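Engineer: Given chain A's structure and the hints, the job is docking chain B onto it.
Protein chains: 2
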Amino acid sequence: MSDMKAEPRACDEAITLAFSVLGKRWNGMILGVLGSGSASFVGLRKAVRGISDTVLSERLSGLAEAGLVRRVVAEGPPVSVTYELTAAGADIVPAIQALAAWATRNLQPLP
Amino acid sequence: MSDMKAEPRACDEAITLAFSVLGKRWNGMILGVLGSGSASFVGLRKAVRGISDTVLSERLSGLAEAGLVRRVVAEGPPVSVTYELTAAGADIVPAIQALAAWATRNLQPLP
Numbered sequence: 004m005s006d007m008k009a010e011p012r013a014c015d016e017a018i019t020l021a022f023s024v025l026g027k028r029w030n031g032m033i034l035g036v037l038g039s040g041s042a043s044f045v046g047l048r049k050a051v052r053g054i055s056d057t058v059l060s061e062r063l064s065g066l067a068e069a070g071l072v073r074r075v076v077a078e079g080p081p082v083s084v085t086y087e088l089t090a091a092g093a094d095i096v097p098a099i100q101a102l103a104a105w106a107t108r109n110l111q112p113l114p
Numbered sequence: 004m005s006d007m008k009a010e011p012r013a014c015d016e017a018i019t020l021a022f023s024v025l026g027k028r029w030n031g032m033i034l035g036v037l038g039s040g041s042a043s044f045v046g047l048r049k050a051v052r053g054i055s056d057t058v059l060s061e062r063l064s065g066l067a068e069a070g071l072v073r074r075v076v077a078e079g080p081p082v083s084v085t086y087e088l089t090a091a092g093a094d095i096v097p098a099i100q101a102l103a104a105w106a107t108r109n110l111q112p113l114p
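Protein chains in written order, with the numbering used here: chain A, 4 to 114; chain B, 4 to 114.
Hints in this document: simulated from the structure, not taken from any laboratory. Because the structure is a prediction, the values reported are computed rather than measured. Please note that the accuracy of each hint is not assured.
Just a few of them, taken from the derived set where beta-carbon distance is under 7 Å, the chain A residues facing chain B [said to hold, decoys possible]: (1) Ile18; (2) Phe44; (3) Ala50; (4) Asp94; (5) Ala98; (6) Trp105.
Glycine included, every Cβ here is placed at the ideal spot set by N, Cα and C.
Here chain A stands alone, though its shape is the one from the complex:
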């Protein structure tokens, strides 16, 4: 996947690219939650414990801009707005499940 040279070697570009999204706090959790189905803003905020409205809003915009999340407005009444993964977003779900399995195998449970 990359040239492996004696150090100094640069971090693989694809890994850098992946963590340009996932290295931002909350993004992995947001994608993980949406991986099991669409959710409203309030539903997401409750599912991603500890995130604020402002940060969730900012993260959803960033993920939409990256083409991973889509905002869906269903004309009402009542109007409903939900967020869901695009095909590109859904494509990450198996890798997130692999990370989750790794965490279960190797990390101490959170307090």
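Structural biologist: Quick look at chain B alone, frame taken from chain A:
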């Protein structure tokens, strides 16, 4: 892997656990770099472009505390200090490669 309920549902605990490590900026890249071999502090700093000495040092301590990275001191002279993945750290490499492949398929290259 989790109970899937109608919203509000909580983010899967294992996903939350995984991103307690990977949602900290740089950690994924550090693990990715060490996934292709041990490295010195300076080698890591060069490979993880943009990280500062202070933050790299802080991240390495955190990753060591989580049991993912090990500091190896070879008595000299000259003394050499390198960082490498533990078995728990190495266990994440396939998932990071899956993320990298996902990024290549779905994200715009970084500028």
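Engineer: Each hint should be assessed against the structure and marked as holding or not.
Structural biologist: Hint check results:
With a least beta-carbon distance of about 4 Å to chain B, the hint placing isoleucine 18(A) at the interface is held under the 7 Å criterion. Annotation: phenylalanine 44(A) was flagged as interfacial toward chain B, and the flag is violated, the nearest CB pair being 10 Å apart, outside 7 Å. Because the beta carbon of alanine 50(A) sits about 5 Å from the nearest beta carbon in chain B, less than 7 Å, this interface hint is met. Interface restraint check: aspartate 94(A) against chain B, minimum CB-CB distance 6 Å, threshold 7 Å, status holds.
Given hint, alanine 98(A) at the interface with chain B, holds; its Cβ is 4 Å from that chain's nearest Cβ, closer than 7 Å. Hint on tryptophan 105(A) holds. Least Cβ distance to chain B is approximately 5 Å, under the 7 Å limit.
In the structure shown, a violation is registered for the earlier hint numbered 2 alone.
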